[in-house]
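Sequence order for the protein chains is A and B. Residue numbering for the first sequence is 4 to 445, as defined by this note's numbering. Residue numbering for the second sequence is 4 to 445, as defined by this note's numbering.
If you are wondering where the hints come from, they were derived from the structure by calculation, not from laboratory data. Here a beta-carbon is modelled for each residue, glycine too, at the ideal position from N, C-alpha and C. One should not assume that every hint holds.
[To be verified] A few chain B residues that don't get close to chain A, going by computed Cβ distances all over 10 Å:
1) ILE20
2) GLN85
3) LEU166
4) ASN257
5) THR266
6) GLY281
7) GLY311
8) GLN338
9) LYS358
10) TRP397
11) ASN417
[Said to hold, decoys possible] Label pairs and their in silico Cβ distance ranges:
12) A/LYS201 / B/ILE23: 23 to 31 Å
13) B/GLY357 / A/GLU173: 39 to 47 Å
14) A/LYS358 / B/LYS241: 25 to 33 Å
15) A/ASN206 / B/LYS262: 44 to 52 Å
16) A/ASN24 / B/ILE400: 54 to 62 Å
17) A/ASN169 / B/LYS262: 46 to 54 Å
18) A/ASN169 / B/ASN24: 31 to 39 Å
19) B/LYS241 / A/GLY46: 40 to 48 Å
20) B/ARG215 / A/GLY289: 30 to 38 Å
21) A/ASP244 / B/ASN131: 36 to 44 Å
22) A/THR265 / B/GLY298: 54 to 62 Å
Protein chains: 2
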Amino acid sequence: MPQNTRKSDLSNPAMNIPEINLKRVVIIGGGFAGLNIAKNLSGKDFQIVMLDKHNYHTFQPLLYQVATAGLEPDSIAHAIRQIFTKKENFYFRIADVKEIDPENKTIITPIGNIFYDYLIIATGSETNYYGNENIRKYSMPMKTIPEALDLRSLVLQSLEAALLTNDLDERQRLMNFVIVGGGPTGVELAGAFGELKKHVLPNDYPDLDIRRMNVHLIQGADRLLPPMSQNASDKAAKYLDKLGVQVWFNTLVNDYDGKIVTTNDRSFETSTMIWTAGVKGALIPGMEGEDVIVGGRYLVDEFNKIKGLEDIYAVGDVALMMTPYNPKGDPMVAQVAIQQGKQLAKNLMAIKEGKSPKPFKYKDKGSMATIGRDKAVVDLPHWKFSGWFAWLVWMFIHLVSLIGFRNKMIALTNWVVQYFSYNKSVRLIIRPYTKGEAAPRE
Amino acid sequence: MPQNTRKSDLSNPAMNIPEINLKRVVIIGGGFAGLNIAKNLSGKDFQIVMLDKHNYHTFQPLLYQVATAGLEPDSIAHAIRQIFTKKENFYFRIADVKEIDPENKTIITPIGNIFYDYLIIATGSETNYYGNENIRKYSMPMKTIPEALDLRSLVLQSLEAALLTNDLDERQRLMNFVIVGGGPTGVELAGAFGELKKHVLPNDYPDLDIRRMNVHLIQGADRLLPPMSQNASDKAAKYLDKLGVQVWFNTLVNDYDGKIVTTNDRSFETSTMIWTAGVKGALIPGMEGEDVIVGGRYLVDEFNKIKGLEDIYAVGDVALMMTPYNPKGDPMVAQVAIQQGKQLAKNLMAIKEGKSPKPFKYKDKGSMATIGRDKAVVDLPHWKFSGWFAWLVWMFIHLVSLIGFRNKMIALTNWVVQYFSYNKSVRLIIRPYTKGEAAPRE
């Protein structure tokens with residue numbers, strides 16, 4: 004440990020985190036990976052410092068329900084401080100980390116710089132527009148709660164605007180919703196839009212012909228949910244068709260100017276394009292190089308250590324672990340993040356005790372997606388099924404995975420009421436969304 | 004009906020509301036008064052047009068719980084379209100009415116102008132800063148859901164900032180919260196702050212000395228909740244004292260510069276001053292005059308008709324009805340709005356049928372305020388009580404008054420969980436609040 008750095012850190016005590024006689028683990032990100040590391044390390048003779056841009060953990064798998072008025076944001080968010088209530092040697096700070104200085108084992112943030120003994124980058128993923136500036140500017144991402152709320156506002160504002168215009172082209176554009184990306188987020192979002200169209204909006208807008216509302220799902224591949232089984236893909240497409248969603252396969256979006264989506268095949272007029280077609284690692288400046296970053300993620304060894312760097316680990320979506328059994332890396336899903344987080348916590352304890360860390364191996368517990376009421380697909384390692392029971396399983400798994408008793412109860416209450424009422428009640432424009440505004444969306 | 008105006012309205016069909024052979028009632032505002040008029044008029048051979056700045060009704064009596072992390076905003080808001088699902092001849096539009104043109108029986112809005120046969124102004128009240136520009140600029144109002152969310156964010160941001168600063172004066176300012184106004188909003192808010200300080204924040208901020216947090220309630224009069232009984236005032240003060248809130252009587256705020264509140268008596272250093280000390284009618288330009296506006300409200304006769312104008316009514320907070328039995332007018336509370344709304348709906352039906360309208364008379368059902376867990380005061384006409392049972396009554400009344408089964412269930416779930424956990428779980432900074440920002444707060 005370079006003593007001079009430690010001193011310079013002391014002279015910049017902006018974060019007000021005490022120097023104690025324990026190794027300091029700094030975790031950047033309170034997502035699934037970060038939480039699981041901190042939970043499993045707390046009370047184990049480490050000083051844990053968690054930094055996140057927000058003061059809450061987001062249960063990302065249900066973001067699409069926030070965007071489609073099914074759940075309030077507060078039931079899928081959980082205050083990080085509350086999760087770590089009464090944990091000793093745990094420090095949380097809201098900070099947007101600007102840079103990592105590996106040579107001085109220091110991270111640089113607007114609220115001050117901090118020295119680490121171990122650094123864990125668990126920043127997750129962010130929307131990838133593949134360099135298309137128009138798409139970034141005009142489309143709606145859905146990776147955070149503010150983004151999901153913006154989308155909810157925009158959908159409702161579009162229908163209100165459709166009521167008011169007498170320009171028939173404009174009205175149709177406002178009533179067309181284009182979702183790009185046939186992965187779980189795109190499919191679940193499209194299903195929820197289909198349900199809104201079928202059950203909710205005709206009652207809300209008697210003076211608007213909701214039959215003219217179109218929900219398009221654009222998929223580059225020749226099937227939906229490509230990592231899942233062919234059966235799941237087929238069933239998902241069938242369910243979406245039943246809900247009136249138009250799915251376009253083998254279709255690649257070229258551009259979007261805020262009014263027209265152009266693809267390799269045809270074009271779509273819409274004022275709302277939702278982009279779920281790409282993610283990339285949420286990288287932090289300061290550790291560049293072809294050895295460190297591969298495919299937009301930090302290249303890690305089987306212990307989640309970033310190759311070529313000391314005491315810096317990456318976990319979850321932001322990490323790329325190429326192994327003989329999975330040379331392309333594990334999928335960017337919650338289960339990988341959770342399992343890597345738990346394993347890394349164990350490994351750090353082993354290292355502290357002079358034992359050998361264990362290599363990570365992903366245990367695929369299966370995957371699932373819900374398309375709507377009574378409509379879900381589940382692929383377990385030895386059992387693939389769909390329909391009503393799959394939907395129940397999906398609900399149960401997501402309910403028990405939500406953090407906190409209150410959030411579970413609130414989500415359950417919403418789902419039970421929705422089941423019997425065919426309604427999605429959170430159709431509120433709390434903060435109107437202004438298109439193309441320069442302000443950041445967070 | 005001046006036919007030429009009707010024509011000019013037709014030539015500006017921006018609102019796309021059809022002209023039919025029914026009298027058109029335009030209601031501005033979807034608060035308690037507006038909702039009750041529309042509910043009681045719908046299906047009664049009127050065309051009803053409701054306009055509101057938001058697409059939801061706000062249950063204002065529980066706003067303070069949103070501001071203090073007790074309830075999610077979505078459980079006290081209800082989409083107006085959902086309330087009037089399947090009602091015939093009901094039209095809702097989001098519109099901020101800019102002007103009323105009584106001569107042409109037309110209202111002017113950014114989404115177009117519209118002719119009315121009967122106009123009902125149910126715009127409620129807004130924060131009154133009594134012309135003090137500093138207070139308007141630096142203090143936090145709490146009359147809308149976005150404002151309550153801003154306050155929630157600011158309180159949490161202040162504590163996060165207090166953690167980071169080493170300037171002890173600055174830290175103390177960040178940990179002092181000053182609430183101005185000893186009416187129900189101020190008292191309930193102060194109580195909720197007291198509970199946060201006592202039960203929630205010490206666990207959240209182990210590295211901050213929460214004992215140094217101060218909650219000040221500044222009241223101009225010599226007792227709290229002045230319209231209620233002396234017993235209620237005394238009990239409220241006692242309860243607040245138990246929760247560690249410092250109440251300052253006979254204290255009038257002179258100014259606030261964002262750091263120091265100056266009063267007639269002493270000064271308070273704080274970076275968060277919440278202003279609940281004044282409301283005024285939310286007036287709309289176009290109907291000025293000393294006969295029309297008295298004390299910042301529309302002067303109405305006992306039928307809620309604005310004096311001197313034809314076919315224009317004002318109801319609820321925005322209306323001032325001076326009667327022999329109550330020469331100062333009824334209080335600006337939900338019950339008056341609800342009762343006036345119902346009565347006006349009946350009167351419009353009577354007028355349509357050629358019958359005589361009935362004069363309004365407020366039936367005071369009592370008033371209540373809650374200070375915290377097991378701590379409330381209730382004044383009924385023949386029974387005044389406080390404590391645990393009052394608190395149960397308060398909860399029951401507010402629960403059944405919330406609109407919609409889902410909202411009732413969500414609020415109940417939250418309250419039950421809070422009762423057993425002593426927690427307030429919605430401690431989320433979804434949209435950070437930026438002080439002194441030029442953007443409007445809505």
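These are the hints, each one checked on the structure:
1. Not every beta carbon of chain A lies more than 10 Å from that of B/ILE20, the smallest distance being close to 8 Å; the non-interface claim is violated.
2. A beta-carbon of chain A comes within 10 Å of the beta-carbon of B/GLN85; the shortest separation is about 7 Å.
3. B/LEU166, annotated as away from the interface, has a beta carbon of chain A within 10 Å; the closest lies near 6 Å.
4. Consistency note on B/ASN257: stated as away from chain A, and its beta-carbon is indeed over 10 Å from all of that chain's, at 33 Å minimum.
5. No beta-carbon of chain A is positioned within 10 Å of the beta-carbon of B/THR266; the least distance is around 32 Å.
6. Under the 10 Å C-beta cut-off, the non-interface status given to B/GLY281 relative to chain A holds; the minimum distance is some 25 Å.
7. B/GLY311, annotated as away from the interface, keeps every beta carbon of chain A farther than 10 Å; the closest lies near 33 Å.
8. The beta carbon of B/GLN338 sits about 25 Å from the closest Cβ of chain A, which is more than 10 Å, so the claim that it is off the interface holds.
9. Distance check for B/LYS358 against chain A: the nearest CB is about 31 Å away, which clears 10 Å, and the non-interface claim stands.
10. Every Cβ of chain A is farther than 10 Å from the Cβ of B/TRP397; the closest lies at roughly 21 Å, confirming the non-interface assignment.
11. With a closest Cβ-Cβ approach of about 7 Å to chain A, B/ASN417 is found to fall inside the 10 Å limit, against its non-interface label.
12. With their beta carbons about 29 Å apart, A/LYS201 and B/ILE23 fall inside the hinted range of 23 to 31 Å.
13. Roughly 45 Å separates the CB atoms of B/GLY357 and A/GLU173, a value that falls within the hinted 39 to 47 Å.
14. As the Cβ distance of A/LYS358 to B/LYS241 is approximately 60 Å, the hint placing it in 25 to 33 Å is violated.
15. Distance hint for A/ASN206 and B/LYS262: a CB-CB separation of about 51 Å, consistent with the stated range 44 to 52 Å.
16. Separation of A/ASN24 from B/ILE400 is about 56 Å and conforms to the stated range, judged on CB atoms against 54 to 62 Å.
17. About 52 Å separates the C-beta atoms of A/ASN169 and B/LYS262, a value consistent with the hinted range of 46 to 54 Å.
18. Between A/ASN169 and B/ASN24 the beta carbons are some 22 Å apart, a value that contradicts the proposed interval 31 to 39 Å.
19. Between B/LYS241 and A/GLY46 the C-beta distance comes to about 41 Å, which sits within the given range of 40 to 48 Å.
20. As the Cβ distance of B/ARG215 to A/GLY289 is approximately 37 Å, the hint placing it in 30 to 38 Å holds.
21. The supplied range of 36 to 44 Å is broken by A/ASP244 and B/ASN131, whose beta-carbon atoms lie about 56 Å from each other.
22. One distance hint, 54 to 62 Å for the beta-carbon pair A/THR265 and B/GLY298, holds here, with the actual separation near 60 Å.
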